[in-house]
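As given, the protein sequences belong to chains L and V, one line each in that order. Numbering follows full-length UniProt numbering, in which position 78 of the first sequence is assigned residue number 78; successive positions increment by one, without gaps. Numbering follows full-length UniProt numbering, in which position 154 of the second sequence is assigned residue number 154; successive positions increment by one, without gaps.
Keep in mind that the hints were calculated from the coordinates and are not lab data. Be careful, since some hints might not be right.
What the hints assert, rightly or not - Not the full set, but computed from the structure, chain V residues with beta-carbon under 8 Å of chain L:
(1) Pro-8
(2) Arg-137
(3) Asp-138
(4) Ser-149
(5) Gln-154
(6) Gly-408
Keep in mind it's a predicted model, so treat the numbers as computed, not measured. Glycine included, each C-beta is placed from N, C-alpha and C at the ideal position.
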Amino acid sequence: MADVEEKDTVIVGGGPGGYVAAIRASELGQKVTLIEKGTLGGVCLNVGCVPSKALINAGHRLRDANDASVFGITTQPATIDFEKTQEWKQTKIVDRMTGGVQMLLKKHKVEIIEGEAFLDNDSQLRVMSVGPKQFMDNGGGQTIKFKNLILATGSRPVEIPNFKFDGRVIDSTGALDLKEIPKELVVIGGGYIGTELAGAYANLGSHVTILEGTPSILPNFEKDMVSIALKGLKKKGVDVITSAMAKKSEQDDSSVTVTYEADGKETSIKADYCLVSVGRRANTDGFGLEMTSVKTDDHGLVQVDQQGRTSVNNIFAIGDIVPGPALAHKAFFEAKTAAGAIAGKNTANDWVGVPAVCFADPELATVGMTQADAKDKGLEVSTAKFPFAGNARAVSLDEPDGFVRLVYTKDEGNLVGAQVAGPEASDLIAELSLAVNGGMNVEDIALTIHPHPTLSEPIQEAADVALGFPTHI
Amino acid sequence: MAFKFKLPELGEGMAEGEVANWLVKEGDKVNEDDSLVEIQNDKSVSELPSPVAGTVKKIVAQEGDTVEIGDTLVEIDDGSADTADDDATPAAPAKEDTGTSDETPAPASEGASGGVPALAEPNKLILAMPSVRQYARDKGIDISRVAPSGNHGQILKADIDSFNGEPAQATVAAPVSAEQPATKSSGQAVKPYKSDQPDLETREPMSPMRKIIAKSMRTSKDIAPHVTSFDDVEVSALMDNRKKYKQKAADQEIHLTFLPYIVKALVATLKKFPEFNASIDDTTQEIVYKHYYNIGIATNTDHGLYVPNIKNADSKGMFEIAKEITENTQAAYDNKLSPQSMKGGSITISNVGSIGGGWFTPVINQPEVAILGVGKIAKEPIVDENGDIVVGKMLKLSLSYDHRLIDGALAQNALNYMNELLHDPELLLMEG
Numbered sequence: 001m002a003d004v005e006e007k008d009t010v011i012v013g014g015g016p017g018g019y020v021a022a023i024r025a026s027e028l029g030q031k032v033t034l035i036e037k038g039t040l041g042g043v044c045l046n047v048g049c050v051p052s053k054a055l056i057n058a059g060h061r062l063r064d065a066n067d068a069s070v071f072g073i074t075t076q077p078a079t080i081d082f083e084k085t086q087e088w089k090q091t092k093i094v095d096r097m098t099g100g101v102q103m104l105l106k107k108h109k110v111e112i113i114e115g116e117a118f119l120d121n122d123s124q125l126r127v128m129s130v131g132p133k134q135f136m137d138n139g140g141g142q143t144i145k146f147k148n149l150i151l152a153t154g155s156r157p158v159e160i161p162n163f164k165f166d167g168r169v170i171d172s173t174g175a176l177d178l179k180e181i182p183k184e185l186v187v188i189g190g191g192y193i194g195t196e197l198a199g200a201y202a203n204l205g206s207h208v209t210i211l212e213g214t215p216s217i218l219p220n221f222e223k224d225m226v227s228i229a230l231k232g233l234k235k236k237g238v239d240v241i242t243s244a245m246a247k248k249s250e251q252d253d254s255s256v257t258v259t260y261e262a263d264g265k266e267t268s269i270k271a272d273y274c275l276v277s278v279g280r281r282a283n284t285d286g287f288g289l290e291m292t293s294v295k296t297d298d299h300g301l302v303q304v305d306q307q308g309r310t311s312v313n314n315i316f317a318i319g320d321i322v323p324g325p326a327l328a329h330k331a332f333f334e335a336k337t338a339a340g341a342i343a344g345k346n347t348a349n350d351w352v353g354v355p356a357v358c359f360a361d362p363e364l365a366t367v368g369m370t371q372a373d374a375k376d377k378g379l380e381v382s383t384a385k386f387p388f389a390g391n392a393r394a395v396s397l398d399e400p401d402g403f404v405r406l407v408y409t410k411d412e413g414n415l416v417g418a419q420v421a422g423p424e425a426s427d428l429i430a431e432l433s434l435a436v437n438g439g440m441n442v443e444d445i446a447l448t449i450h451p452h453p454t455l456s457e458p459i460q461e462a463a464d465v466a467l468g469f470p471t472h473i
Numbered sequence: 001m002a003f004k005f006k007l008p009e010l011g012e013g014m015a016e017g018e019v020a021n022w023l024v025k026e027g028d029k030v031n032e033d034d035s036l037v038e039i040q041n042d043k044s045v046s047e048l049p050s051p052v053a054g055t056v057k058k059i060v061a062q063e064g065d066t067v068e069i070g071d072t073l074v075e076i077d078d079g080s081a082d083t084a085d086d087d088a089t090p091a092a093p094a095k096e097d098t099g100t101s102d103e104t105p106a107p108a109s110e111g112a113s114g115g116v117p118a119l120a121e122p123n124k125l126i127l128a129m130p131s132v133r134q135y136a137r138d139k140g141i142d143i144s145r146v147a148p149s150g151n152h153g154q155i156l157k158a159d160i161d162s163f164n165g166e167p168a169q170a171t172v173a174a175p176v177s178a179e180q181p182a183t184k185s186s187g188q189a190v191k192p193y194k195s196d197q198p199d200l201e202t203r204e205p206m207s208p209m210r211k212i213i214a215k216s217m218r219t220s221k222d223i224a225p226h227v228t229s230f231d232d233v234e235v236s237a238l239m240d241n242r243k244k245y246k247q248k249a250a251d252q253e254i255h256l257t258f259l260p261y262i263v264k265a266l267v268a269t270l271k272k273f274p275e276f277n278a279s280i281d282d283t284t285q286e287i288v289y290k291h292y293y294n295i296g297i298a299t300n301t302d303h304g305l306y307v308p309n310i311k312n313a314d315s316k317g318m319f320e321i322a323k324e325i326t327e328n329t330q331a332a333y334d335n336k337l338s339p340q341s342m343k344g345g346s347i348t349i350s351n352v353g354s355i356g357g358g359w360f361t362p363v364i365n366q367p368e369v370a371i372l373g374v375g376k377i378a379k380e381p382i383v384d385e386n387g388d389i390v391v392g393k394m395l396k397l398s399l400s401y402d403h404r405l406i407d408g409a410l411a412q413n414a415l416n417y418m419n420e421l422l423h424d425p426e427l428l429l430m431e432g
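Next comes chain L alone, as it looks inside the complex (with noise of 0.2 Å):
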């Protein structure tokens, strides 16, 4: 048995969280240590938010390339060396990212504990080190007291009956790393990732089809703007089956048979590989938590207060294990406040609005309240929207579908939330988060130039529809 270390701050998991809580935790003055089963940067940097983005653009550079005619260019068919995307997308972008995020934390002198780590008790863990030597050399585990603990352990894809994660049936991992652009896909789940790879490999060549199990595709999405995002859809040949039961899978060397029920009927699909995205779980099994007195809600979440503490005093947790939207942003925002929290600052989770930002084509982002949710707060609320269609920069990058919609007070004007559909509305989104969690106004937003010409104007131009004034419509 090794001797028990102890620690001032320890932080488990080296996602968006944990990375981040570990650096503002330096930075406030703790020493910390950080503990990583695999790959820092976590799944966001490695198989998530930041590999898809790097798919999604290449299948828009190569759409693009195919699909310039409008603007008087015929190109031959352009090509895709996918072996080479896939080398592109993992050395220059992840193992970029995630080699400037272990910089970061060496940076801020933080020590990293590569292993897996288990909670004994309130106060203590161990780390089954992945390296050889190091388990050895600590007898199978090392003991670490810790004065603080940060949770930041994620989450994982959601397997469903009958569709193992196993060869061609792939979770969002696997349709990130695949080798060959499938020919036919089939993907399980028309939520935001389900989505966004659907239109990544179409734009990439392959046939795709969406089951989802509910009548609507992206269900956090308002009905506007889901048809949107399923005209983009249908435009790059993705057929959507909605109400859509996915029955079982049955595989063979090459291929992969996809068999669902829709409308009573039962119907079969042969592709090259069928990914499933119907959600994600959060990681707070297998690590110990039940031998400590941290508490979890209903849906096996923990339960936190408005620093993250949970109810171990001096363990707290971030991310995708509390409450909330599964988003990496949240849980930066988490990470800060935990850190601080045990530095004695009075820091606290209390946002307006979160924003959520869906990558389909056109991209899809919200924050704040829709005008339902307004409603069922008992706000009195009005929406303005403004099209893109109005705005020269839309129109001259043949991108004119979708909208600017401002919810709004209807005494005073105050922004309660917005969405945006349309070119670029994951950038977009970021002033209007700005504008809901500082508790501005929509004559604030109509009296604040926006430069032109950009796709920013719909913004200002919305809030001008809302004070009755509008110029562009």
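Once you have looked at the hints, place chain V on chain L.
Relative to the frame of chain L, chain V by itself:
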């Protein structure tokens, strides 16, 4: 190991208080229910008993500190084990890390429910820049309770600075409570008392109650331009009436004084002259007319001056009022008056007649707009309706009123009407 004793709810609408006086010191042993500390707010002084037995480990809130409900006042080592719910300190290295800057008790170490104030109204739309939210947390202020002054309801940093613990919706009392004691106001210079012969003088700290009275009186004089009208009224018939019914009252164990008659006369006067049953809202420049008749009786005790009021005196009989006055006086002496019994007054009676006083200039009990000073009943020569000089029994009345709302003629008319009622108890029976 340490029980953290936090400021409990002291009464309706009281979100904070000032630590007036510690009755224990660090290291003292205390039993359950031993008095620990005196907390003063703008209504009264409360002595807080210890909920546990143990040793005083650390006095967290110092004398003079303003504390809010939920703030830790003192840590008492009661021998119990640490629990997640009541003690975060051992886990949080905040104290060591922040070192010198940690003069004020760090709210972050206050308990598992979070070191930052929970929002009283989590569903309320709060408009504030994120930095202002952070600023409020740093000051330990629940931003949902702060009244916004910015455009379209934005809460500004200055609003956090001027927050005084009152709920966001301004009450008539707001201008009063917003006033800071002179010693704390940064803008106002407070002059020290200097003397050539300090040897012949002694200094004693003002008691918390004295401070409250000083503050209230100064506030009232600052706010309201006082005018006092003096009058006297012949009350032989009233005295006869009282004599007649005194025994009947005593049979019911009721002590019938002249005060219930004056309460009744005042109710009738307020009904006829509603300006006397009003308050002024300075924030909106509105006159607030009250449709209830709660008549305050200033009550002097050995530990301070209290003004409990007879609630809805218009719906109570003379004996009932007499009984209530006696009960309130006893409660005041026993320090058992509830804050509620001193709130929501219409007008106040200050009686110095029972100890031989005559006319004087009483100070209005804010936020009311008038106060009736009652002096002694003196035997004086008067000229009766026949032109004869007779012995009159003259009650001295002094009516102070807020000239912002009440002009001299109106006050005199009200006083005249009250005189009629007190002169003729049968009329009082008709109108009272």
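Structure-based check of all given hints:
Among the interface hints, the one on Pro-8(V) is violated; its C-beta lies about 21 Å from the nearest C-beta in chain L, farther than the 8 Å criterion. Residue-level restraint check for Arg-137(V) holds (minimum Cβ-Cβ distance to chain L is 4 Å; threshold 8 Å). Given the 8 Å rule on beta carbons, the hint for Asp-138(V) holds: about 5 Å separates it from the nearest Cβ of chain L. The interface hint given for Ser-149(V) is violated, since its Cβ lies 13 Å from the closest Cβ of chain L, which is over the 8 Å cut-off.
The beta carbon of Gln-154(V) is positioned within 8 Å of a beta carbon in chain L (closest approach about 6 Å), and the interface hint is therefore held. Interface restraint check: Gly-408(V) against chain L, minimum CB-CB distance 44 Å, threshold 8 Å, status violated.
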